[in-house]
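Asks: With the hints as extra help, turn the sequences into a complete structure.
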Amino acid sequence: MKKTVLLLLLLVGFSGISQTNNALVEHYKAYYKEMRLQGDVNGVIGALTHLNVLSPSKERRDTLAFVYMNNGQHMQALNTIGVEKNADDSDLAVQIKAFSLKSLNQPKRALEHFEELNSRNPSPYLAYEMADLKIQTGDISGATTNIEYGIANATDEMKYAFYERQQPYEVPLKAAFYHLKGLADFNKDRENIDVAIASIDEALKIAPNFNLASLSKQALESRKKEATEGAKN
Numbered sequence: 001m002k003k004t005v006l007l008l009l010l011l012v013g014f015s016g017i018s019q020t021n022n023a024l025v026e027h028y029k030a031y032y033k034e035m036r037l038q039g040d041v042n043g044v045i046g047a048l049t050h051l052n053v054l055s056p057s058k059e060r061r062d063t064l065a066f067v068y069m070n071n072g073q074h075m076q077a078l079n080t081i082g083v084e085k086n087a088d089d090s091d092l093a094v095q096i097k098a099f100s101l102k103s104l105n106q107p108k109r110a111l112e113h114f115e116e117l118n119s120r121n122p123s124p125y126l127a128y129e130m131a132d133l134k135i136q137t138g139d140i141s142g143a144t145t146n147i148e149y150g151i152a153n154a155t156d157e158m159k160y161a162f163y164e165r166q167q168p169y170e171v172p173l174k175a176a177f178y179h180l181k182g183l184a185d186f187n188k189d190r191e192n193i194d195v196a197i198a199s200i201d202e203a204l205k206i207a208p209n210f211n212l213a214s215l216s217k218q219a220l221e222s223r224k225k226e227a228t229e230g231a232k233n
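Note that this note's numbering gives residue 211 to position 211 of the sequence shown, counting from 1, and the numbers run on in steps of one.
Treat the hints as calculated values from the structure; they're not laboratory data. Incorrect hints may have been included.
In silico BS3-like cross-links for lysine-lysine, where the CA-CA straight-line distance does not exceed 27 Å [what the hints assert, rightly or not]:
no. : residue 1 : residue 2
1   : K108      : K85
2   : K224      : K188
3   : K58       : K102
4   : K205      : K188
5   : K159      : K108
6   : K58       : K85
7   : K58       : K33
Restraint ranges, calculated between C-beta atoms of paired labels, are given here [claimed, not checked]:
no. : residue 1 : residue 2 : range
8   : G72       : V195      : 31 to 39 Å
9   : N42       : G82       : 18 to 26 Å
10  : T228      : V41       : 50 to 58 Å
11  : E34       : F162      : 32 to 40 Å
12  : T49       : Q218      : 45 to 53 Å
13  : R190      : G39       : 47 to 55 Å
14  : G39       : T228      : 53 to 61 Å
15  : G46       : E157      : 34 to 42 Å
16  : Q76       : S141      : 30 to 38 Å
Note that this is a predicted model, so its numbers are computed, not measured. Virtual Cβ for every residue (Gly too), placed ideally from N, Cα, C.
Replies: See the structure below:
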């Protein structure tokens, strides 16, 4: 009899815990929806964190990491989903790892994830990211391959945003590729600066207000002038 009573108490206890947990899950689902409606990022993060504790799922974890990334909290995003390459990762998880690692100045590790994304669904945008990172890591041959693909496949409607000025701006993606081509040309042969300048001129023909390309051209022209004056002396 005592054993039966104890078992019943345990069952009632577990049932109560389950009901409480379900009620909390429903509460935070409603809270999450409300925070989204209000545009409260911290509220969204709090709601998703509680939901992941109460009812863990890969989809919720990826969503939380995505919110962190969009809020510029790249370390928190990576702490949520990790940094290692994983074949089971969703496309969203791979994207988060790639862009967060890039933002944290980890080009080699970021490149690994961009290449994984590109193997799943190739695009000129991914080719641009890979080319940029390969130039940073010294893989000029690999960057050139990505640049050639990008120039051939970027459409006039595709834009790329730059943030080096106080006011962000967009240029056609093809112009961005020609700017990268100029940087790759320079790294390939630093004595033949004219080739690099010619590629950047192509970028400026497409996007005359491309500030970063203008700065790169000025730097190359300055380097060329210094080399010419050095040769005269």
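Asks: Each hint: holds or not?
Replies: Now for the hints, and whether the structure bears them out:
{"no.": "1", "hint": "K108 x K85", "in the structure": "12 Å, holds"}
{"no.": "2", "hint": "K224 x K188", "in the structure": "16 Å, holds"}
{"no.": "3", "hint": "K58 x K102", "in the structure": "23 Å, holds"}
{"no.": "4", "hint": "K205 x K188", "in the structure": "23 Å, holds"}
{"no.": "5", "hint": "K159 x K108", "in the structure": "25 Å, holds"}
{"no.": "6", "hint": "K58 x K85", "in the structure": "15 Å, holds"}
{"no.": "7", "hint": "K58 x K33", "in the structure": "19 Å, holds"}
{"no.": "8", "hint": "G72 x V195: 31 to 39 Å", "in the structure": "37 Å, holds"}
{"no.": "9", "hint": "N42 x G82: 18 to 26 Å", "in the structure": "23 Å, holds"}
{"no.": "10", "hint": "T228 x V41: 50 to 58 Å", "in the structure": "53 Å, holds"}
{"no.": "11", "hint": "E34 x F162: 32 to 40 Å", "in the structure": "36 Å, holds"}
{"no.": "12", "hint": "T49 x Q218: 45 to 53 Å", "in the structure": "47 Å, holds"}
{"no.": "13", "hint": "R190 x G39: 47 to 55 Å", "in the structure": "49 Å, holds"}
{"no.": "14", "hint": "G39 x T228: 53 to 61 Å", "in the structure": "56 Å, holds"}
{"no.": "15", "hint": "G46 x E157: 34 to 42 Å", "in the structure": "38 Å, holds"}
{"no.": "16", "hint": "Q76 x S141: 30 to 38 Å", "in the structure": "36 Å, holds"}
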